[in-house]
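Colleague: Okay, here's what each chain looks like letter by letter:
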Amino acid sequence: MSEQKNDLGQEILKEINQDQTTTEHVRKPFLGKAAIPLLAIVTGLIIGALMIAVTSQSVYAAFGESIGNGFATAFSEIGTAYKALFTGAIGDPIRMINAVKLGDAKEIRQAFNPFLESLVQSTPYIFAGLAVALGFKSGLFNIGVEGQLFIGAACATFVGYSITGLPAWIHMPLAFLAGALGGALWGFVPGFLKAKTGGHEVINTIMMNWIAFRLTEWLLSGPMTRPGSGGMPISPVIQKTAEIPQFFQSPIRFHLGFFIALAVAYLIWWLLFKTTWGLNLRIVGTNPRAARYAGLSTTKSIILAMSLSGALAGMAGAVQVLAVNRSMALGLSSGYGFDSIALALIGNSHPVGVVLASILFGTLRNGATRMMVVSSIPIDIVDVIQAIILMFVAAPAIIRSIYHLRKPKQEEQQIFLSGWGGQS
Amino acid sequence: MTKKLFAILSVLIVGSMLLGACTTTTPTEPPVASEEPAAKIKVCQITDTGGIDDKSFNATAWKGITDAEDKLGIEGKYLESKEVADYEKNLNAFIEEKCDLIITVGFLIGDATKAAAEANPDIKFSIVDYNYDPAIPNVVGQIFNTDEAAFLAGYLAAGVSKTGVVGTFGGLPIPTVTIFMDGFYKGVAKYNEVKGTEVKVLGWDPATQTGLFSNSFDDQQKGSELAKSLMDEGADIIMPVAGPVGLGAAAAIKERGNAYLIGVDSDWALTSPEYADITLTSVMKLMDATTMQVIQSVVDGTFVGGDVVGTLANNGVALAPFHELESLVPAELAAEIEQLKADIIAGTITLK
Numbered sequence: 015m016s017e018q019k020n021d022l023g024q025e026i027l028k029e030i031n032q033d034q035t036t037t038e039h040v041r042k043p044f045l046g047k048a049a050i051p052l053l054a055i056v057t058g059l060i061i062g063a064l065m066i067a068v069t070s071q072s073v074y075a076a077f078g079e080s081i082g083n084g085f086a087t088a089f090s091e092i093g094t095a096y097k098a099l100f101t102g103a104i105g106d107p108i109r110m111i112n113a114v115k116l117g118d119a120k121e122i123r124q125a126f127n128p129f130l131e132s133l134v135q136s137t138p139y140i141f142a143g144l145a146v147a148l149g150f151k152s153g154l155f156n157i158g159v160e161g162q163l164f165i166g167a168a169c170a171t172f173v174g175y176s177i178t179g180l181p182a183w184i185h186m187p188l189a190f191l192a193g194a195l196g197g198a199l200w201g202f203v204p205g206f207l208k209a210k211t212g213g214h215e216v217i218n219t220i221m222m223n224w225i226a227f228r229l230t231e232w233l234l235s236g237p238m239t240r241p242g243s244g245g246m247p248i249s250p251v252i253q254k255t256a257e258i259p260q261f262f263q264s265p266i267r268f269h270l271g272f273f274i275a276l277a278v279a280y281l282i283w284w285l286l287f288k289t290t291w292g293l294n295l296r297i298v299g300t301n302p303r304a305a306r307y308a309g310l311s312t313t314k315s316i317i318l319a320m321s322l323s324g325a326l327a328g329m330a331g332a333v334q335v336l337a338v339n340r341s342m343a344l345g346l347s348s349g350y351g352f353d354s355i356a357l358a359l360i361g362n363s364h365p366v367g368v369v370l371a372s373i374l375f376g377t378l379r380n381g382a383t384r385m386m387v388v389s390s391i392p393i394d395i396v397d398v399i400q401a402i403i404l405m406f407v408a409a410p411a412i413i414r415s416i417y418h419l420r421k422p423k424q425e426e427q428q429i430f431l432s433g434w435g436g437q438s
Numbered sequence: 168m169t170k171k172l173f174a175i176l177s178v179l180i181v182g183s184m185l186l187g188a189c190t191t192t193t194p195t196e197p198p199v200a201s202e203e204p205a206a207k208i209k210v211c212q213i214t215d216t217g218g219i220d221d222k223s224f225n226a227t228a229w230k231g232i233t234d235a236e237d238k239l240g241i242e243g244k245y246l247e248s249k250e251v252a253d254y255e256k257n258l259n260a261f262i263e264e265k266c267d268l269i270i271t272v273g274f275l276i277g278d279a280t281k282a283a284a285e286a287n288p289d290i291k292f293s294i295v296d297y298n299y300d301p302a303i304p305n306v307v308g309q310i311f312n313t314d315e316a317a318f319l320a321g322y323l324a325a326g327v328s329k330t331g332v333v334g335t336f337g338g339l340p341i342p343t344v345t346i347f348m349d350g351f352y353k354g355v356a357k358y359n360e361v362k363g364t365e366v367k368v369l370g371w372d373p374a375t376q377t378g379l380f381s382n383s384f385d386d387q388q389k390g391s392e393l394a395k396s397l398m399d400e401g402a403d404i405i406m407p408v409a410g411p412v413g414l415g416a417a418a419a420i421k422e423r424g425n426a427y428l429i430g431v432d433s434d435w436a437l438t439s440p441e442y443a444d445i446t447l448t449s450v451m452k453l454m455d456a457t458t459m460q461v462i463q464s465v466v467d468g469t470f471v472g473g474d475v476v477g478t479l480a481n482n483g484v485a486l487a488p489f490h491e492l493e494s495l496v497p498a499e500l501a502a503e504i505e506q507l508k509a510d511i512i513a514g515t516i517t518l519k
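Heads up: the protein sequence lines correspond to chains A and B, in order. Under this note's numbering, think of the first position of the first sequence as 15, with each following residue one higher. Under this note's numbering, think of the first position of the second sequence as 168, with each following residue one higher.
Hints in this document: simulated from the structure, not taken from any laboratory. These numbers were taken from a predicted model, which means no experiment stands behind them. Ideal Cβ positions, reconstructed from N, Cα and C, are used throughout, including at glycine. Take the hints with a grain of salt, since some may be wrong.
[Said to hold, decoys possible] With a Cα cut of at most 20 Å, we get these calculated DMTMM-like pairs of lysine to aspartate or glutamate: (1) A:K120 / B:D289; (2) B:K265 / A:E121; (3) A:K97 / B:E285; (4) B:K353 / B:E503; (5) A:K254 / B:D278; (6) B:K265 / A:D394; (7) B:K421 / B:D386; (8) B:K329 / B:E422; (9) B:K389 / A:E231; (10) B:K209 / B:D467; (11) B:K244 / A:E231; (12) B:K209 / B:E250; (13) A:K120 / B:E285; (14) B:K249 / A:D394; (15) A:K97 / B:D444; (16) B:K395 / B:D444.
[Claimed, not checked] To list a few chain A residues with every Cβ distance to chain B over 12 Å, as calculated: (17) F206; (18) M238; (19) L310; (20) N339; (21) A408.
[As the list claims (entries may be wrong)] Heads up, incomplete: computed chain B residues facing chain A, CB under 8 Å, no partners named: (22) L246; (23) V251; (24) E264.
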C-alpha cells in the first residue's frame, strides 16, 4: 500500500472508480445522484458573484459613498453580469417572441442564436470529455487528449483539403474518421507502452502532447501551409464536400457535429455497459489484479482503451475543423483536452454525465462573451466559476459539510472493495 | 437529508429572486448615466489568441483605442479570443452589439474578418497587420513599412558595432518578419557605402531570402541558442525578430555582457526594463497610431476601405530612443540617422 500512496494518478483514479461502482448497481433518486454536482454549480455561481462584486471598480466607489449604495451597486453589477450571462447563453425570451412576431428571418436567427451557439461550444467538450471518461473507466489517466485532438484535427484537415472530387457523403465521413484515426494512433502509442513496458501513461501522454503541438506547428507552417500565405501557420480551406453541414445561415453555426457527438456518447455508453468488452474494460479499470486472476487480458484492454480514447479526442479536433473553422490554424484549441479532465470528473465518467457537464461548460463559455460585451467583466471569471465547480465536485466533502449532507454509506464499503490494484 | 436539501435550495432560489429583484428595483444609475449622451461611436477590438495584454500587437492596438477614447470621445470595447473558433463568435457578438468599427488583430483572423465584412457591408472593419487584395470596401487593412525603421536600426548598428559584425534572426520566414531583416541589412549596407567600411550582417541574406530562424514564436531557449551562436561568430549587436523568443536572446546577451540588443515591435527598454541596459534601441510598429488614424476617419466620416500604411512619416513605424545607452551613440551618428529619416520621409531614399 505504501508505495501507491506516492502515485497521485492512481490515487485520483481510485477516487473516481469508487464512485462509479457505487452508482451502477443501485439506482438512487435523481437528485441524490446529482446533488453534489448541482450544489457545486450553485456554489460556484455564488462565489463567482462575489468575485464580480469584489473586482468591480464601481462597487468600491459606491462603498466610498455609503454602505447602502455599495451593496446596491454590488447587487446591480452582479445582476447585470448574470443577466448577460443568461441572455448570452440561452437567449432573451422577449426578443425571441418579438422576432417571431416580426417574421424577419435575420432577426429570428440572431434571437435564437445564443442557445444554439452554446451547443456548438459544447460539441468539442463532449468528444474530449468522453475521451477522458473512457480512460478513467478503464483505469487509465489520459492527459494526452489535447495532443490527440491536435493530431486528429491535422489529419481531418489534410483529408479535408487534399482530396477532391469525392461526393460529400463519402468525403465528410472520411475526413472525420481520418481525425479519429489520427487521434487513435496518438493514444495507441502510450497505451502500447503502458501495456507492454509498464511506462506510465500520464508521463507518456504528456510527452506525446508536446510532440503533437510541435508537429502540427511544423505541419501548418511547412507541408500543410496555405499557398500564398507566405508560410503563415494556417492550412488551406477544406473542400466544400468535407464540411460537416451547418443547419442555418449566419450567424447560427449549429451543425450536425452536435448530433454526431450525442450518437458517439450513446455508442460509448452501450460499449461500456452493454457489451462483454465494456465489462472487461471496467473490471480491468476497477481492479487489474482481479481481472488478471480471472483470466482477462489487461494488455489488450489497455491498448484498446487508450486507442479508443485517442480516437474520441481526435474527433473533437476533427469536428472543430470540419464544422466550425473550416481550416486549421495556430490556436486551434482553448484547452479542450485539459478542460475535459474536469468534465469527466463532474460527469462522474458516465457518458450521460459527461454530455450534461459539457453542455454546462459550453453554455457558460458562450454566455461569458455577452457578459464581457455588456459589463466588461473579463471572460476569465467564467474560468473561475468552472474551477470552483470542479473543485467542489472533486472534493465532495466540502459540499457535504456546507450543505450538511450525509455521506452515503455504500461508498465506505466500496473503498474497501475497489482499491486500485491494491487488495491483498 | 432531502428535506434539508430542499430547505437549502428554496432559500437559495428565494435569495436569487431577491437578488434579481434588487437589480430591477434599483435602476442602475452609472450605466444609464453614461449611455445618456447617446450616439457615442463604438469601437470594438477582437484580439487574437495572444490576449489583450500581450505587450505586442493586441495591446498596442488597444492603446490606440483608449487614446481615441480620451481624444475623440469614442467608446471602446474588446473581446479576447481563446481559440480560432472564437473569432467568428466574437465578431458576431460585436455585430449584435452594433459596433461602428470592429478592429481585429493579426492574419489568423483574416478569413473570419473577411467573411463578416462581406456579410455585413454596413459595418466598418479594420484589421491590424494584414490587408486584402483586392481591397474590401468596408475594411481597412493596417500594414507597416517596417523596413524604413529597420533601415535606421541597421545604420545605427553598423555605426555602433566594434567588431564589425552584426546579426539578426527571425521567428518564421514570413513577409512580416523578413521585412525587418531586409531593412536592417540595407541599413548596414548604406553605412558601408557611406563610410567605406565592411560591416558584416549575419543571419540574413536578402538576395536569396534565406537566413537564421527560430521556427517558433515562443521558444526562448531557442532564442538564447541563436544569440549565442551569433555572438560566437563575432556579432556584438543582435536584432531578434521573433516576438518573445527575443527575450531568450536578451538573456543570453546579458549573460555574456559584450553585445547589445535591438528590440522589435515595441520599445523593449520600456516593456522589458530588465534588459534596458543592453537594449540599444527598438524597431517599433505603432499600430496605436494607425488604429487612431482609422478611428479618426470614422469620426470624421471619411472612412474608405483599403490600406493604411504605417511609415516613418505618419509615425506608424519608428526607431525608439536610445534610453540608457545614449552614451554609446556618437552625436554625429545620431544626427546622420535623423537625416536619413528625413530623407526617407522626403522620398530621396527609397527602400524598394
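Colleague: Hint by hint, say whether it matches the structure.
Modeller: Status of each hint after checking the structure:
no.: 1; hint: A:K120 / B:D289; result: 15 Å, holds
no.: 2; hint: B:K265 / A:E121; result: 13 Å, holds
no.: 3; hint: A:K97 / B:E285; result: 31 Å, violated
no.: 4; hint: B:K353 / B:E503; result: 15 Å, holds
no.: 5; hint: A:K254 / B:D278; result: 16 Å, holds
no.: 6; hint: B:K265 / A:D394; result: 24 Å, violated
no.: 7; hint: B:K421 / B:D386; result: 18 Å, holds
no.: 8; hint: B:K329 / B:E422; result: 19 Å, holds
no.: 9; hint: B:K389 / A:E231; result: 15 Å, holds
no.: 10; hint: B:K209 / B:D467; result: 14 Å, holds
no.: 11; hint: B:K244 / A:E231; result: 31 Å, violated
no.: 12; hint: B:K209 / B:E250; result: 24 Å, violated
no.: 13; hint: A:K120 / B:E285; result: 15 Å, holds
no.: 14; hint: B:K249 / A:D394; result: 11 Å, holds
no.: 15; hint: A:K97 / B:D444; result: 50 Å, violated
no.: 16; hint: B:K395 / B:D444; result: 18 Å, holds
no.: 17; hint: F206; result: 29 Å, holds
no.: 18; hint: M238; result: 14 Å, holds
no.: 19; hint: L310; result: 38 Å, holds
no.: 20; hint: N339; result: 5 Å, violated
no.: 21; hint: A408; result: 20 Å, holds
no.: 22; hint: L246; result: 6 Å, holds
no.: 23; hint: V251; result: 5 Å, holds
no.: 24; hint: E264; result: 5 Å, holds
Hints 3, 6, 11, 12, 15 and 20 from the earlier list are contradicted by this structure; the remaining hints agree with it.
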